[in-house]
Amino acid sequence: MSDFSEELIRSKTEDDKEESCVFSGTGMSFPWLQKHIGTVETGGKKEKDFAQTTSACLGFIQEALLKHQWQQAADYMHSYFQILEDSDSHKRQAAPEIIWKLGSEILFYHPKSSVETFNTFADRMKNIGVMNYLKISLQHALYLLHHGMLEDANRNLSFHCTYIPHLLYPFILQLLDYREVVHEDDYAYNTASQNMFDHSWKTSVNLRALIQTPGVWDPFVKSYVEMLEFYGDQDGAREVLTNYAYDEKFPSNPNAHIYLYNFLKREKAPREKLISVLKILYQIVPSHKLMLEFHRLLRKSEKEDHHKLGLEVLFGVLDFAGCTKNITAWKYLAKYLRQTLMGNHLAWVQEEWKTRKNWWPSFHFSSFWAKSDWKEDKALACEKALVAGILLGKGCRYFRFISKQDDQVLRKKIKQIKKSVKKHSVVNPGL
Amino acid sequence: MTMPRTLAFCYLSLLWQRETITLSDLLRFVEEGHIPYINAFQHFPEEMKLYGRDKGIFAIESWPTYEDIYKKVIEIAKFLDLPRFPDITEDSYLHPNILCMKYLMEVNLPDEMNDLTCQVVKMTGIGEVDFLTFDPIAKMAKTVKYDVQAVAVIVVVLKLLFLLDDNLEWTLSNIAEKYNEKNKEDKPWFDFRKWYQVMKKSIDEKKQKWEEARAKYLWKSEKPLYHSSIDRAVVYKRREMVVSLQKQFSALVDSAPTVEKKSPSSFQFNWTEGDSARTCFHGHGLQGILKKKGQSLTTKNSLYWLSTQKFCRSYCKHVTTYEESNFSLSYQFIINLFSFLLRIKTSSLHEEVSLIEKILFKRKYGKTKKKSRSRKGRKY
Chain Z
1 MSDFSEELIR
11 SKTEDDKEES
21 CVFSGTGMSF
31 PWLQKHIGTV
41 ETGGKKEKDF
51 AQTTSACLGF
61 IQEALLKHQW
71 QQAADYMHSY
81 FQILEDSDSH
91 KRQAAPEIIW
101 KLGSEILFYH
111 PKSSVETFNT
121 FADRMKNIGV
131 MNYLKISLQH
141 ALYLLHHGML
151 EDANRNLSFH
161 CTYIPHLLYP
171 FILQLLDYRE
181 VVHEDDYAYN
191 TASQNMFDHS
201 WKTSVNLRAL
211 IQTPGVWDPF
221 VKSYVEMLEF
231 YGDQDGAREV
241 LTNYAYDEKF
251 PSNPNAHIYL
261 YNFLKREKAP
271 REKLISVLKI
281 LYQIVPSHKL
291 MLEFHRLLRK
301 SEKEDHHKLG
311 LEVLFGVLDF
321 AGCTKNITAW
331 KYLAKYLRQT
341 LMGNHLAWVQ
351 EEWKTRKNWW
361 PSFHFSSFWA
371 KSDWKEDKAL
381 ACEKALVAGI
391 LLGKGCRYFR
401 FISKQDDQVL
411 RKKIKQIKKS
421 VKKHSVVNPG
431 L
Chain X
1 MTMPRTLAFC
11 YLSLLWQRET
21 ITLSDLLRFV
31 EEGHIPYINA
41 FQHFPEEMKL
51 YGRDKGIFAI
61 ESWPTYEDIY
71 KKVIEIAKFL
81 DLPRFPDITE
91 DSYLHPNILC
101 MKYLMEVNLP
111 DEMNDLTCQV
121 VKMTGIGEVD
131 FLTFDPIAKM
141 AKTVKYDVQA
151 VAVIVVVLKL
161 LFLLDDNLEW
171 TLSNIAEKYN
181 EKNKEDKPWF
191 DFRKWYQVMK
201 KSIDEKKQKW
211 EEARAKYLWK
221 SEKPLYHSSI
231 DRAVVYKRRE
241 MVVSLQKQFS
251 ALVDSAPTVE
261 KKSPSSFQFN
271 WTEGDSARTC
281 FHGHGLQGIL
291 KKKGQSLTTK
301 NSLYWLSTQK
311 FCRSYCKHVT
321 TYEESNFSLS
331 YQFIINLFSF
341 LLRIKTSSLH
351 EEVSLIEKIL
361 FKRKYGKTKK
371 KSRSRKGRKY
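Quick note, the sequences are listed as chains Z and X, same order.
Letter 248 of the first sequence, counting from 1, is numbered 248 in this note's numbering, and no numbers are missing.
Letter 362 of the second sequence, counting from 1, is numbered 362 in this note's numbering, and no numbers are missing.
I should point out that these hints are in silico values taken from the structure, not numbers from a laboratory.
We put the beta carbon where it would ideally sit given N, CA and C, even for glycine.
All clues given are correct.
In silico lysine-lysine, DSS-like type, Cα no more than 25 Å apart, as pairs: (1) X:Lys209 <-> Z:Lys48; (2) X:Lys209 <-> Z:Lys67; (3) X:Lys216 <-> Z:Lys67; (4) X:Lys122 <-> X:Lys358; (5) Z:Lys67 <-> X:Lys206; (6) Z:Lys126 <-> X:Lys237; (7) X:Lys194 <-> X:Lys207; (8) Z:Lys412 <-> Z:Lys325; (9) X:Lys178 <-> X:Lys291; (10) X:Lys206 <-> Z:Lys48; (11) X:Lys223 <-> Z:Lys91; (12) X:Lys207 <-> Z:Lys48; (13) Z:Lys67 <-> X:Lys207; (14) X:Lys216 <-> Z:Lys101; (15) X:Lys237 <-> Z:Lys101; (16) Z:Lys46 <-> X:Lys71.
So these bits of chain X aren't anywhere near chain Z, every CB distance computed over 10 Å: (17) Thr20; (18) Tyr51; (19) Asp115; (20) Thr143; (21) Glu177; (22) Asp204.
Using the sequences provided together with the hints, build the complete structure.
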């Protein structure tokens, strides 16, 4: 054999393997140390194969659920049940909850499963541990509700009425909603509504207490207010909503303000009030679709501050990617810019434009957008062109593209746009 | 006496008889369930009641590992004061020449490589009777890890032929491919790249199935074990619960074609000529990588790199370590392939490869040893 020369060739591999070595910085590797570090958690004992295979099994179940492979998930689940017999007491105690969650998910979606299978499963799981009993019962009731078995769900719940009342009311409310939706035209609705009445007065007292605790109770508040309005208690409803929206203890919740606003609108409250409510919403969610309504209110108001705010709000809405194709917003902006400039409030426009002139051109008015908007919605393109022309001058790409377009229907409009831009453009030709 | 020790004892008897089974085969049979181990007590007669301390012995939650059983084999042999075992000669299955041939067939490498493996075995002297035979009485009682060593020899031969530096093996493959295209009638030259593609696919499939089977493995038996009569009720109740839940879910699982339990086989892979889907490389020739030098053939590749530059001599029990990112991808693939086959850790195989190289390249190691001596003496 020929002479071999010693050559240790170190080749470059893909991204460094993460845990294969400790102290990799210095180039030394201590695989035995890594192993010992891993056993600190288990109290010095090496992980048994039982633990390793069951966690691998869990991984496979989760993967199968993600991919909606119910058959496979059921197969692995079959093997996973043995964790209830794990000699490690921690794992054994945590097992029922995991099994319930995964098992109920599988049984919910598996084509071969039925309500009976679910019932049997739920009953069996309830018998493992007291804490789980109530939780499982409630979820069981929800499942039955979903499948339209109201009586069974009712029976389930009423049996547990004595336990933890405030947890049950969400379910009763769901029951109410469900009945409303399903039995609208049903003659049985009348009897059901009588039940509803009885039920609701019983629950309203406790609900009020519930809503007063800080938290996010959107569906409950909504249903409760609807109930109050239904029975004519406007003041009560107003109080609840105001509390819900303005109480500092509650977490900041845009929906609270939306509910309050809608209520006040229904009540035909004065404009000032509506504006003040929406102002707060504007601060939390400037891109909300109610902002256009807000703008309308501000526009109609007599105060100059409100007019200025109206312009701010419009610009604010169009800052967001979700609203770029909102033709109403652009229409308003076009109209309002003209109005503002005619009212000699150039300073307002300039102030708003100052922070935006760096990025709005490429965000809204690039030549790509020009072509795409024209193809998709010519009316939108026209409105945008007007705004572009006013803010960027008639030399800008968007405006030039649109003004060159020759469309029978919109020819007149385009002419108008050209005229407006000439008259109102913010850009000084001299600069 | 525990289950692992019982298994080690069984292995000793097999070794004494020089049966055609290696330790890795034995452990694989245990994992596949051909040998009762995990819930062995299920097969005990009715009269034997197990409780209390028996639970610790029989309620097993881990499969036996190669290293562990190997250590126990030596312990038990020493404890029992066994004499020198019957000789392992060139005819016995456990001789490296034969094992190399077996493993070459199993991983679909050409039969011609057998000559090279025999040469390496001869040069290193690991085929000697005295080296191979287990002698517990000897001062440094050690039994040879027959299977690991045979596989290590194959790895060394692959390194000799292909260098495995992520470069040369692919260049040689290109040459082989070109030749094979031009000369379709002749015996084809072995193409490393094609072999890699075939093997990678097969091994990935096998590994995937193996992982899935492991995840579904049912550890607990029908007859649960308990410590005392107080536990009994609880344990039985749990079992009943698990069984009823399992019954419910097995109704949901498609009645899949009942997987026939395969009878135990020494081979995990089977390659046959003429199967177009899975090329068989047994008959391929090594002409592409060997060249004539006078009367004999020698490898085209004239370089080599050692798996370990320096051996550790401290008390940490490891002779060397295996840090994957230091080695070429081809080498990693080969090591992973063989360690999966034997179900051992990659570091064990790497260590064995290094030990073979240590003997083979005594001179190289000798040089470095002298260097370290000239330094100020350091006690380990």
